[in-house]
Amino acid sequence: AHLLDGRASAGASVDSARQNLAATFVNAFVNAGFGQDKLMTVPSDASSGGSSGNWLFKNKEHGKMSAAASLGMILLWDVDSGLAQIDKYFHSTDNHVIAGALLGVGIVNCGIRNDCDPALALLSEYVGREDACIRIGAIMGLGISYAGTQNDQIRHKLSTILNDAKSPLDVIAFSAISLGLIYVGSCNEEVAQAIIFALMDRSESELGEPLTRLIPLGLGLLYLGKQESVEATAEVSKTFNEKIRKYCDMTLLSCAYAGTGNVLKVQNLLGHCAQHHEKGEAYQGPAVLGIAMVAMAEELGLEMAIRSLEHLLQYGEQNIRRAVPLALGLLCISNPKVNVMDTLSRLSHDTDSEVAMAAVISLGLIGSGTNNARIAGMLRNLSSYYYKDANLLFCVRIAQGLVHMGKGLLTLNPYHSDRFLLSPTALAGIVTTLFACLDMKAVIVGKYHYVLYFLVLAMQPRMLLTVDENLKPLSVPVRVGQAVDVVGQAGRPKTITGFQTHSTPVLLAAGDRAELATEKYIPLSPILEGFVILKENPDYREDH
Amino acid sequence: MAPDPNSASGSGTKDEASVKVPAKDPKKKDDKKDEDLSEEDLALKQQLELYVERVQDPDPGLQKVALESMRTEIRTSTSSMTSVPKPLKFLRPHYGTLKAYYETMPDSDLKKYMADILSVLALTMSAEGERESLKYRLLGSEGDIGSWGHEYVRNLAGEIAQEYAKRQTDEASIDDLMELVQEIVAFHMKHNAEPEAVDLLMEVEDLDLLVEHVDATNFKRTCLYLTSAAKYLPGPDDMLVLDIAYMIYLKFEEFPNALQIALFLDNMQYVKQIFTSCDDLLRKKQFCYILARHGITLELDDDMVPDDDDRYALQDIVNNVKLSEGYLTLARDIEVMEPKSPEDIYK
Numbered sequence: 001a002h003l004l005d006g007r008a009s010a011g012a013s014v015d016s017a018r019q020n021l022a023a024t025f026v027n028a029f030v031n032a033g034f035g036q037d038k039l040m041t042v043p044s045d046a047s048s049g050g051s052s053g054n055w056l057f058k059n060k061e062h063g064k065m066s067a068a069a070s071l072g073m074i075l076l077w078d079v080d081s082g083l084a085q086i087d088k089y090f091h092s093t094d095n096h097v098i099a100g101a102l103l104g105v106g107i108v109n110c111g112i113r114n115d116c117d118p119a120l121a122l123l124s125e126y127v128g129r130e131d132a133c134i135r136i137g138a139i140m141g142l143g144i145s146y147a148g149t150q151n152d153q154i155r156h157k158l159s160t161i162l163n164d165a166k167s168p169l170d171v172i173a174f175s176a177i178s179l180g181l182i183y184v185g186s187c188n189e190e191v192a193q194a195i196i197f198a199l200m201d202r203s204e205s206e207l208g209e210p211l212t213r214l215i216p217l218g219l220g221l222l223y224l225g226k227q228e229s230v231e232a233t234a235e236v237s238k239t240f241n242e243k244i245r246k247y248c249d250m251t252l253l254s255c256a257y258a259g260t261g262n263v264l265k266v267q268n269l270l271g272h273c274a275q276h277h278e279k280g281e282a283y284q285g286p287a288v289l290g291i292a293m294v295a296m297a298e299e300l301g302l303e304m305a306i307r308s309l310e311h312l313l314q315y316g317e318q319n320i321r322r323a324v325p326l327a328l329g330l331l332c333i334s335n336p337k338v339n340v341m342d343t344l345s346r347l348s349h350d351t352d353s354e355v356a357m358a359a360v361i362s363l364g365l366i367g368s369g370t371n372n373a374r375i376a377g378m379l380r381n382l383s384s385y386y387y388k389d390a391n392l393l394f395c396v397r398i399a400q401g402l403v404h405m406g407k408g409l410l411t412l413n414p415y416h417s418d419r420f421l422l423s424p425t426a427l428a429g430i431v432t433t434l435f436a437c438l439d440m441k442a443v444i445v446g447k448y449h450y451v452l453y454f455l456v457l458a459m460q461p462r463m464l465l466t467v468d469e470n471l472k473p474l475s476v477p478v479r480v481g482q483a484v485d486v487v488g489q490a491g492r493p494k495t496i497t498g499f500q501t502h503s504t505p506v507l508l509a510a511g512d513r514a515e516l517a518t519e520k521y522i523p524l525s526p527i528l529e530g531f532v533i534l535k536e537n538p539d540y541r542e543d544h
Numbered sequence: 001m002a003p004d005p006n007s008a009s010g011s012g013t014k015d016e017a018s019v020k021v022p023a024k025d026p027k028k029k030d031d032k033k034d035e036d037l038s039e040e041d042l043a044l045k046q047q048l049e050l051y052v053e054r055v056q057d058p059d060p061g062l063q064k065v066a067l068e069s070m071r072t073e074i075r076t077s078t079s080s081m082t083s084v085p086k087p088l089k090f091l092r093p094h095y096g097t098l099k100a101y102y103e104t105m106p107d108s109d110l111k112k113y114m115a116d117i118l119s120v121l122a123l124t125m126s127a128e129g130e131r132e133s134l135k136y137r138l139l140g141s142e143g144d145i146g147s148w149g150h151e152y153v154r155n156l157a158g159e160i161a162q163e164y165a166k167r168q169t170d171e172a173s174i175d176d177l178m179e180l181v182q183e184i185v186a187f188h189m190k191h192n193a194e195p196e197a198v199d200l201l202m203e204v205e206d207l208d209l210l211v212e213h214v215d216a217t218n219f220k221r222t223c224l225y226l227t228s229a230a231k232y233l234p235g236p237d238d239m240l241v242l243d244i245a246y247m248i249y250l251k252f253e254e255f256p257n258a259l260q261i262a263l264f265l266d267n268m269q270y271v272k273q274i275f276t277s278c279d280d281l282l283r284k285k286q287f288c289y290i291l292a293r294h295g296i297t298l299e300l301d302d303d304m305v306p307d308d309d310d311r312y313a314l315q316d317i318v319n320n321v322k323l324s325e326g327y328l329t330l331a332r333d334i335e336v337m338e339p340k341s342p343e344d345i346y347k
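Line by line, the protein sequences are chains A and B.
Position one of the first sequence corresponds to residue 1 (the working numbering), numbered consecutively onward.
Position one of the second sequence corresponds to residue 1 (the working numbering), numbered consecutively onward.
If we strip away everything but chain B, and leave its shape as in the complex, we get (with noise of 0.2 Å):
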C-alpha cells in the first residue's frame, strides 16, 4: 500500500510543493490506491521496491546490481522538473529504510552508490534545515555532479550556502564545501544559469572563482548580473563585486565597459589601465568621449597615449572642445536654430 502522500507534510515544505503537482494531474488523483496508477507505473514500482529489498541482501553482488539499477532508473526517468519524477516518488516511501541500511552499510564502493541515491532522494525526503542531501554527497562517489539534473544541483547549492554559514559560526573547514562549490559553479556557467553561479560565489564569500569560469559566450551576462548586484549589496561587497566585474571584461577587451565600472569606482589607476590596454587609437577616442561625458578632468600622459599628435588630438576630446558643434549639429538637425524670446515661451 503506497502511504497517503499528504501526510509527507511534515518533511518539509519541498515536499508538499512536489506533492501538490501530481495531486493536480487528473491521471493520478488519489496516489492511495494502486489501482489509479498506470500498467508502467504499477511494473516500475514494483520493480523498485524490489531493488530496494536487493539492496539490503547481504550479497555484494545482488547489492550492486540492485544500486546500479536503482540508479539508471532515476537517472533516465524523464518526466519535467515540475513534478516528481517517478522513480523518486516510489522510492520515497523507502527513504527511511535505505537510510537506516546505509548506517549498517561497510565502508566500499557500494557504500559510496548508496550515498549517492540517498543524495537525491533527499532533495525530496529530508527535512527542512537538515542538509541531508549535502550529507550524503559528502560522502558519496563524487561522480559528475550533473548527472542527476538541475534541480539536484541547484537545491545542493542552497544547502551548501547554509551549510557554509554554520561552519563560520563553528569555525570548522570548509574545503570540502569548498571543491563541491567549484563543481556546481562550473555546471551553472557551463549551462547559462550565470546568476545562480554568481549567488552562490557570493554566499561563500569567494567570488574570485568566478573569473575562470567565465568565458566568451556568458561573460556579458555575468557582469551585468554583477553590476546589477551591486547596487545592491552593503559595503564592501559591492565594490568586491565591481572589482571582478572590471577584471572580467578587461579580460574580454570590453574596454567601453570596463571604463564605466572603472569611473563608477572613482579608481583613476584603472581608467590608466585602460588607456594603457589598449592600442586602439579610434577606441581610445571613445573612451574620450565617456570621460568628458562624465566631466572628469583628466590628464593624458606618455604612458596612455605614445604619440604627441594623438596625445593633443585625444585630450582635445576630453577637455570637451567639440562640444558645441555637435550640439549645434543637432540643433541644426531638428531645426530649432530659430532663437526664441520670452513671449514665445509664455504663451
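Chain A with its partners taken away, still in its complex shape (with noise of 0.2 Å):
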C-alpha cells in the first residue's frame, strides 16, 4: 500500500481542485442522511466564514456548487436542520455558492412533503435572477424538491423561462428536466408543448451542443411508464430538425416503454441498435439505455436484455460502446451481480476512455449502497491504474462514493414491494443521470457535474424497520434470506431460502425477503420492507 501511495503522490499532475470535488461527492454519498460528516458539518474554528467555510473553499468555481448542495445530500430528509444549516450559504458573495445553496435546498427536500412548501417558497425567486448558475440551481433544487407532485405555480415559471428567447441553453436544459421531474408520467399537454417549442426555437449549432440532448429527456419523463399515450408527442418530434429527431425518437420510446417488459419494444430498440452508420451518431445511445428501461420490468427479461447488451458490444457503434455501461448498470442497480461485475471491470479498461469512464460509474451504481468488498477492491485497483488519468480518476472516485453510499444502509432500486411496483420518481433521477453519463466529457468531468446529485430521487433506506401500534420503533426476530418464487406450487411452500434470525431494524440486500420469526406479533402487511406496523396477536400465549 506504501508504494501506492508514493505513486499517488507523486502523480501531482492530478488537478487537486479535481480531486477535492471528487472528495465532496464521496462525502456527500456516503454520509447521506446521517446529519454529519467531517468536511462539512464540522463545528467551526475560526472566525467568520462559519462551519464548513474551509472545505467549501478548497473547491474552485463550479465546484463550489457542488460543495454546497453537498450539504444538503448530508442532510437529507431532516429538512428543519437542513433549512437551518444550508441558510449561512444564502449570504454569500459567491454565486456559486447561492447556487449550490439553493440546489441543496431542493436535495433535502427530496421525497418529503410540506405543506407550507418551504422548497418553493425559498427557491421561486431565484429561478429568474441574472446569473445562470444561480438559476440552474433553484431550477433543479426544485425539480428534485417536487418530483412527482404537478405543481402548477411551479409549471408557470419554468414554462415561462423554456418559451424566453433570452434564456441561455443550460438553463432551458434545466427547466426542461425539472418539468418532466414534476409532471412524471403525468402525460400533461401543456407542459409537453413547452417543452416541444423549446426544442422548436433551437438553432442548428445549439442542437449540436451535449446538453441540448437533456431536453427532449424531459419530454420522455412526462410520458414515463405510459405506453401508448406518446404516440402523439411521438409524431411531432418526427417533424424535429433531423439532428436531433432519431435522438428524441428514441428517447420518447425509451421512457414511455420504462418498466412495461414489453418485449416488441425491445427488439424494435435493439433493431436500431443494429444499424450502422458512416459518421458519428448519438441516437443509439438512448436505444441501448432504452433496452435496459424496458427490459428491468422481470427477471427473465433483465437476464436476456444482460446478454444482449454484451453482444452489442461486439459489433456495437462507438456511442452504443459508450452506453452498454450505463445500461448495465441501470439493469443491476444495487445489485452485484458477479457476471456484470466482470464485465464491467474488463470495460473499465477499455481503449475508449468514455466507454471507460461509464464503467466506473456503472461499477459503482451496480454496488451501491451495498459495500461490496469486491466492487471496491476493484475500484482500489482502478484508481491506483488510473493515478495519472485525472478524468478517469474522478469516475473511480464517485463509484467508490456509490458503492459506500450511506455507509451501506441505502438503494437505488427503483424497485420495492416484492419488486413489483416501480417509483416513477426513482427512475426518472435515475434515467436522468444516466442520459447526462452519455457524455462525460461535458457534463460529469466537465462543469455539469452536479447532476449527479438527480440520483437522491432514488435513494432510500434498504430496510425493514417493524413499529408498534404507536408508530414507535419495535425490534422483533425475522428471519432473513434469499427470495423464493412460489407462484403455482401447491400447498403454502416457504418463500425464504438460506435466511438467518436478526432483530429489527434489518438490512435486506437484492432479491432478500424476511419474514416474522414470532407468533407475538401480526404485521399489517404481508411484504415486510421499509416501515411496517406490528399488531399485537391476541391469540398468542406465552407456552416456553
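The set of hints was computed from the structure by calculation and includes no laboratory data.
Just so you know, even glycine gets a beta-carbon here, dropped at the ideal spot from N, CA and C.
Be aware that one or more of the hints could be misleading.
Unchecked claim - What follows is a set of in silico ranges between Cβ atoms, one per label pair, in the way DEER data are often shown:
1. B:268 - A:204: 37 to 45 Å
2. B:253 - A:300: 40 to 48 Å
3. A:489 - B:233: 17 to 25 Å
4. B:76 - A:300: 42 to 50 Å
5. A:300 - B:39: 51 to 59 Å
6. A:469 - B:253: 15 to 23 Å
7. A:271 - B:344: 46 to 54 Å
8. A:540 - B:145: 37 to 45 Å
9. A:377 - B:310: 35 to 43 Å
10. B:38 - A:496: 25 to 33 Å
11. B:310 - A:271: 52 to 60 Å
12. A:299 - B:253: 26 to 34 Å
13. B:216 - A:114: 39 to 47 Å
14. A:488 - B:76: 30 to 38 Å
Need the complex rebuilt from these two chains, each delivered in its own frame; the hints are there to steer you.
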C-alpha cells in the first residue's frame, strides 16, 4: 500500500481541485442523511465563514456549487436542520455558493412533502435571477424537491423560462428536465407543448451541444411508463430538425415503455442498435438505455437483456459502446451480480476512455449502498491504475462514493414491494443521471457534475423497520434470506431460503425477503419492507 | 390376441406417452403375450371384452347392464395417473368398434352413457386435434365431471381451448362450451389447481367467472398466479388480469395487496376505494407507509379519512415526515453513526 501512496503523491499532475470535487461527492454520498460528516458540518474553528468555510473553498468555481449542495445531501430528509444549516450560504457573495445552496435546499426536501412548501418559498424567486448558475441551482432544486407533485405554480415559472428566447441553453435544458421530473408520468399536454416549442426554437448550432440532448429527456419523462400515450407526441417529434429527431424518437420510446417488459419494443430498440452508420451518430445511446429501461420489468427479461447488451458491445458503434455499461448499471442497480461486475471490470480498461468512464461509474451503480468488498477492491485497483488520468480517477472516486453510499444503508433500486412496484420518481432520477452520463466529458467531468445529485431521487433506506401501534420502533426477531418464487406451487411453501435470524431493524439486500420469526405479532402488511406496523396477536400465548 | 401396443403410435402423442410407461414395467414387458398378464388382469380383460360384446346386443336391458359395469370398472380403477388404468388399456382396442356402434344407436339414456364412456376412452385413443373427448362429452349425460378423474378434466380443458379458437374463427356459438368451462373451473378451484383454472379462463377469455369461484382458502395462490402472469401477457389482457386480482383482494379484505395492484395500475380511484373500504385506522397508517415509499403525492380527503386529526397524522406519514427518524434509528442500531471521510473510503 505504501508503494501506491508514493505513486499517488508523485502524480501531482492530477488537478487538486478536481480531487477535492471528487472528495466532495464521496463525502456527500457516504454520509447521506446522517446529518454529520467531517468536511462540511464540522464545528467552526476560525471566526467568519462559518463551519464549513474551510472545505467549501478548497473547491474552485462550479466545484463550489457541488460542495454547497453536498450539505443538502448530508442533511437529507431532515428538513428543519437542513434549511437552518444551508441558510448561511445564502448570504455569500459568490454566485456558485448561492447556487449550491439552492440545490442543497432542493435535495434536503427530496421525497418529503410539506403543506408550507418551504422549498418553493425559498427557491422560486431565484429562478428569474441574472446569473445562470443560480438559476440552474434553483430550477434543479425545484425539480428534485417537487418531483411527481405536478405543481402548477412551478409549471408556470418554468414554462415561461422555456419559451423565453433570452434564456441561455443550459437554463433551458435544466428547466425541461425539472418539468419532466415534476410532471413525471403525467402526460401533461401543456408541459409537453412548452418543451416541444423549446426544442423547435433551438438553432442548428445549439442542437449540437451536449446539454441540448437533455431537453428530449424532459419530454420523455412526462410519458414515463405510459406506453401508447406518447404516440401523439412521437408524431410531432418526427417533424423536428434531423439533428435531434432520431435522438428524440429513441428517448420518447424508451421512456414510454420503461418498466413494462414489452418484448416488441425491446426488439425494436435492438433493431435500431443494429444499424451501422458512416459518421458518428448519437441516437443509439438512448436506444441502448431504452433496452435496459424496458427489460428491467422482470427477472427473465432482465437476464436476456444483459446478454443482448454484451452482444451489442461486439458489433456496436461508438455511441452504443459508451451506453452499454450504463445500461448494465441500470439493470443491476444496487444488485452486484458477479457476471455483470466482470463485464464492467473488463470495460473499465477499454481503450475508449468514455467507455471506461461509463464502466467505472456503472461499477459504482451496481454496488451502490452495498459496501460490496469485491467492487471496492476493483475500484481501489482502478484508482492506482488511473492515478495519472484525472477524468478516470474522478470517476473511480465517484464510484467508490456510490458503493459506500449511506455507509451501506441506502439503495438506489427503484423497485420495491417484492420487486413488484416501480417508483416513477426514483426511476426518473436514475434515468436523468444516466442520460447525462452519455456524454461524460462535457457533463460529468465537465462543468455540470452536479447532475449526479439527481440520484437522490432514488435513494431509499434498504431496511425493514418494525413499529408498534404508536409508530415507535419495536424490535422483533425476523428471518432474512433469499426470496423464493412460489408462483403456481401447491400448498403453502416457504417463501425464503438460506435465512438467518436477526432482530429488526434489519438491512435487506437485493433479492432478499424477510418474515417474522415470532407469533407474538401480526404484521399489517404481508410485504415486510420499509416501515411495517405490528399489531399484537391476541391469540398468542406464552407457552415456553 | 391383444394388438401390439407399439402399433398404436399413429394415434397421437398422448397414446405414445401412455404406452411407454407400461413398457418400462418389468412385469408387463410385452403386452403382446397374453400369458404375461397376471391372473387378475386376464380375467379383467376378458370381462371387458364380454361387456363390449354385450353392449352391442340388441336387448336394451343387457346393454344397460354392460354399460354400467364398464363404467364402474373404469371409475374404480385404482392405478396411478402415470400409467394408463387397466380397464382403459384393455378397452382401447375396442374403441373403434364402440364408436361405430354408437353411431347406430337410437337416442336414449343408454346412448348418453355410451357417449360418456367413449369420451373417457377418447382420452387415450383419439387422434391429435380431433377433440373427440370433448365431442362425446357434449353428447353425454352431463354427470359430475370430476368422477372420471383429474387427467380427464385436464384433457378436456385442453380440448376446449382448441375448440374455442376454432369456434371463434367460425363465429359459432360457445354456450355449450362455457357450461363445461364452469364445471371444470369449479372442479379445479376445489382441488387446489388454481393455475389450471386461471389458464382455462384466459383461453376462453372470460376471467370474470373466476371471482365467484375463489374462496378464503385459495384466493392467495390464485392472485399470486394472476399477478405473476400479468407480466407476460400482452395488453389489454395484462390490465384485465390485474383488475380481477384487485377485485379478489378487495373481496377478501387483503388491502395491502390490493393497494399494491392499485399502485401498479397507477389507478388513483382504486387507491381511494381501498381507503374508503377499510375502517381500521392502524391499517390505513400502513397504507400510508406504502404510498410514501412509492413516492406518490396524494392528498387524503374526507372520504378516505373522516376524522380531521387522524387525517393530519396520516398525511404526515404519506409526506414521509418520519423517514429521517426511521433512517437514523436504523443507523444507530447498526452502529454506523460515526461520520466517514473520503480517505476512509479510498482505503
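Going through the hints against the structure:
1. B:268 - A:204: 37 to 45 Å: holds, 43 Å
2. B:253 - A:300: 40 to 48 Å: The hinted range 40 to 48 Å is violated for residue 253 (chain B) and residue 300 (chain A), with Cβ atoms some 33 Å apart.
3. A:489 - B:233: 17 to 25 Å: Holds, at about 20 Å.
4. B:76 - A:300: 42 to 50 Å: holds, 44 Å
5. A:300 - B:39: 51 to 59 Å: Given a distance of about 54 Å, which is inside 51 to 59 Å, the answer is holds.
6. A:469 - B:253: 15 to 23 Å: Because 19 Å falls inside the window, the suggested range holds.
7. A:271 - B:344: 46 to 54 Å: The hinted range 46 to 54 Å holds for residue 271 (chain A) and residue 344 (chain B), with Cβ atoms some 47 Å apart.
8. A:540 - B:145: 37 to 45 Å: About 44 Å separates the Cβ atoms of residue 540 (chain A) and residue 145 (chain B), which means 37 to 45 Å holds.
9. A:377 - B:310: 35 to 43 Å: Violated, at about 51 Å.
10. B:38 - A:496: 25 to 33 Å: violated, 49 Å
11. B:310 - A:271: 52 to 60 Å: holds, 54 Å
12. A:299 - B:253: 26 to 34 Å: Check passed, 30 Å falls within 26 to 34 Å.
13. B:216 - A:114: 39 to 47 Å: Cβ of residue 216 (chain B) to Cβ of residue 114 (chain A): about 42 Å, so the range 39 to 47 Å holds.
14. A:488 - B:76: 30 to 38 Å: holds, 31 Å
Hint compliance for this structure: hints 2, 9, 10 are not met, and every other hint is.
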